[in-house]
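J.: Chain by chain, the residues run as shown.
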Amino acid sequence: MMPPLTFDPRRSGIHSRARGNGPAADGTAAERAALEKTWHVPEGILGWFSVVDHRTIGRRYLVTALGFFLVAGILAVLMRLQLAVPDNQLIGPDRYNQIFTVHGTIMMFLFAVPVMEAMGIYLVPLMVGARNIAFPRLNTFSYFVYLFGGLMLLIVLLLNSAPDVGWFSYPPLAGPDYTPGKRADFWAQLITFTEVAALAVAVEIVATVFKMRAPGMTLDRIPLFVWAMLVTAFMIIFAMPAVVTASSFLLMDRLVGTHFYNPAEGGDALLYQHLFWFFGHPEVYIIFVPALGMVSSIVTTFTGRPIVGYTAMVLSLVATGFLGFGLWVHHMFATGLPQLGLTYFTAASMTIAIPSGIQIFCWIASIWRGTPRFTPPMLFVLGFIAIFVLGGLTGVTLASVPFNLQVHDTYYVVAHFHYVLLGGAVFPLVGGIHYWFPKITGRLMDEGLARLSFWLLFIGFNITFFPMHQLGLMGMPRRVYTYPAASGWGPLNLLSTLGAGLLAIGGLLFVWNLARSVRSGAVAGDDPWGGDTLEWGTSSPPPVYNFLHPPVVEGPNALWDRSADAPVVTGLRTDCREVLITDVVDATPNNRYEFPEPSIWPFLAAVATSAMFVGSIFTAWAVPIGIVPIAIAVTGWFWPKRKEAAA
Amino acid sequence: MGRRRALWACCAVMAAAASAASAGCAGPHHVFDPAGGPARDIAALGRLLFAVCTVIYLLVIAVLAWALVRRRTEADGSVETGRRLTRAIAAATIASTMTIVGLTAASAVTGHGLTSPMGPAAITVDVVGHQWWWDFQFRDVSPDEFVSSPNELHVPLGQPVMIKTMSRDVIHSFWVPNLHGKRDLIPGQVTNTWIQADRPGVYRGLCAEFCGHEHAKMAFEVVVETPQKFKAWIDHQRESASEPADYQERRGRDVFLGSPCATCHTIRGTTAASRVGPDLTHVGSRMTLAAGTLPNTRPHLATWLGDPQSVKPGTLMPAVPMSDADRGAVIAYLRRLQ
Amino acid sequence: MIGRRYRFILVAVVAALLGGCEREARSFKGRTSANASKEPGVSRNPYAGNAWGVGQGKRLYTLYNCVGCHANGGGGMGPALMDDRWIYGSDDASVFETIARGRPNGMPAFGSRITESQIWMLAAYVESMSGRLPMDVLPSRADHMRYSTPENSRRARPPQGAPKGADE
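Residue numbers (our numbering), protein chains in the order written: chain A, 19 to 665; chain B, 76 to 413; chain C, 42 to 209.
Treat the hints with care, as some may be off.
[Stated by the list, open to error] Facing chain A, according to a computed beta carbon distance under 8 angstroms, are these residues of chain C, among others:
1. M148
2. F151
3. M176
4. P180
5. D184
6. M186
[Claimed, not checked] For the chain C half of the interface with chain A, some residues (derived, Cβ under 8 angstroms), not all of them:
7. C62
8. E65
9. W93
10. N146
11. R187
It is worth saying that the hints were derived from the structure and are not from the lab.
All C-beta atoms, glycine included, are put in the ideal place defined by N, C-alpha and C.
Generate the whole structure from the sequences, applying the supplied hints.
T.: This is the structure:
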């Protein structure tokens, strides 16, 4: 018989503001030892491949994504060096095309989305008071699929086989006639890799947020970062299939001779654009919305007050998620679509500024009301506001069809999207990394280095990308490997390159700070910042079981609203990986569920899947042949364990 | 206090940068240097958009700065303050929404005015895009008066010109910043736009959709001239090629016709009649070579013919092996083709 | 732990990837057999392993109107090029000669009409029509109306009989 669940007000296991900032006090040593043993993270070589722990996988995602960020950053520096002066001979057109394509592809598919997923994988279970993320083995599988896809792209970059048709790879240029060889196939299959990984994580996030929240965490008490990740997960689920359709059609055209994009046989080059941008626009919100959640967390903590307008913030996130699917044609204004349709997309594209605007107003109101502390995370948030609002406003200008027709496909657009992506996503991300670094590693990052890297990043960013607005207005198109001196674009390009140098130094300083602080940063303690969400209520780094006892949540700022005698849930088994499943709306306990032990099958399934994906670039036979190892791996994965049948 | 100073310093820097950047509105092919009706309307809309957005941005930064540095009071946590903040946010949201509606309306009005020209189109030009050159074809005359003018488009001043765009290979984009926004050339479709220039001169056009290796060097010139000059030009374009005037030019024509040159190019009046590459019947009179990449002078022509890959790596034009004397003769002949 | 099947796939994939350097090379300045051949006196097609060269050959095939006599490989006035019958020899040198110097019964001489590297590109494309090149180098369907299975889906048809030698 399982021990009954109880709500025990006396045995807390997590601290709260009401109780003061002492270490977790209660819980018997035997209970802790049992949980340590049950939830252990396996070691050794085999163990490394079998881990199903969300914190480990989240850290791996983060480190891998940052590694890809550095690679793409180096490619960007190469691009800027080539464009620094007119008629430069540093890099020829073929190599340059590969460089800018891989820069964009890595940034969008291998860095931006995975890094936000990484933060979600690590933080969402902690913030909702769960012991692990839902579907832990799927989590491991998704990491290895992502890793193998990324490695494939890096390898082909070194083998002169990297895609060279732009990160969005339009046919007919990317079609079989105009890009012979396998370059565009590697791009298309990379999409499949990253899409499978992203969908897996999205499903886990939705399940975790809906069904594994701590008791008492009703919908209106969910932290804003968790809301942001939930909205992002739904966007991934609805958007990713469109891009995999687009890229699979392209692969089929190239490999087996279908005619999806061949106008002579009834296909249409614009079909690809619609399919791609139906994904492509939500993609940027997939990157951006988690950052909004991070900003909310940081602002709450460093103003010392709950966010002004919680309901408005949640509704804005949800509205952004919905509206983001109605804008895609604004990437296609120049293709000659009917005027009435274009006007609708202008209106929709401008409208989405409103929920983002509401969020900005709420944050400014929160800052106004609270007492801001200018810690490095807060600096990055302020930088985010300054940069993102400018980018959002250039986005409003781009939403207007006539003006768009002039600046589409010029450096004005390059400036715009770097402002909204670097400013709107990377700045909050870097701030968020500074903020949660103590929780992840138990140490603080160096504050002086953090401030210096902030200023270098902020100033370097603006010097690099602000001149690009002007360059676009002066007529400089995108994706050009060089330009004539007579165009007059030289001086601003040189300025932009110098700024890129500054930006690179700031980025490297940040990475150096990260690497150094892991080993020798100051010890952080459980809650160095006085945060309000549940992850600050456990040790830094958290124990393998996250929380000794799942807490009961009493308000939207879980730790701040926690009364002195707030109960926790006791009675979950400690001899197996039992987790508490709760109701979707009001998080009342529903069920107890046993989570899986570490397993090698997700890794093997990822290897089999990757082999099939890479093989299918070269021959269609890889699909029926490659299915067999996948089926074997999945069978091993789901093979029932004998002891689960026991009562 | 150091924070306050840093804050105002930041604001000052950004304002300075903004004003510095907006200063330069001149230069070739600048969006805010319109020379035609559509571009003028778009530039006006652009100025409105920039003005509104600049005001909004400065307002947001100012309020943020105030929020950061204001003196905190004990009443900040009160319910009344909460209500005031909510009302302020609501007011800001309503103001933003009305601004967005206004901008959408302005955009729709401008866009509607751009869909069709004010009067009947004087001429129609077919713009055919290739990797990596442009073919401007005048077809709305009888077939024996068909004109193909690669990489250089002449249009009459003050008259609407319909543009029909099509592509022979991949997606390109026809863009003359001084005259209008861009229009994509999509294989399998014909897309339309129009221009109407009201200032004579030569305006540069570019390809604005990534189309392969030499997307960066796929430009063209648009020459806006009086209707009389335009008629003279187009009549001249209909004529066959000039005859060679001396021995070297005759030798050049013979070399041209006997070598791979004639396999790709047309020179009307000779046996060279291929449509793979641009029509060279009047190549000597054009302003540029290689789709706006080089000025049309003897030394540049020699470079282009001798080693095309050094000018446009990846171009389909091969380096035809021939002796320097032969090449000199071909150059002399091509320069005769005015 | 990693079984034989995985190892085979791994090796095949690595081999295919490593072939990438040659397959994807874009030799804009053109290649002649002189800078491709390793054995003196034997001409090898310098684009045999180069997908870009074969793709260029495919474009030139249409641009230079080879389709006028040979259709898209099925033949018409001229013989079929996608079958296994090579009247004048199927080795690289013979195909080059056919295009450059022409042949009796109507094949014109293109040697003075197109450059040497363009002839090699066309020859490489012609060889690809019977599926004789490596699988990842073969072109796929064109952006035209469908005329046959794409080259990379055709069964390889090795030339019948001994090719005419270089001493012919």
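J.: Hints broken by the structure, by number, lowest first?
T.: 1, 2 and 10
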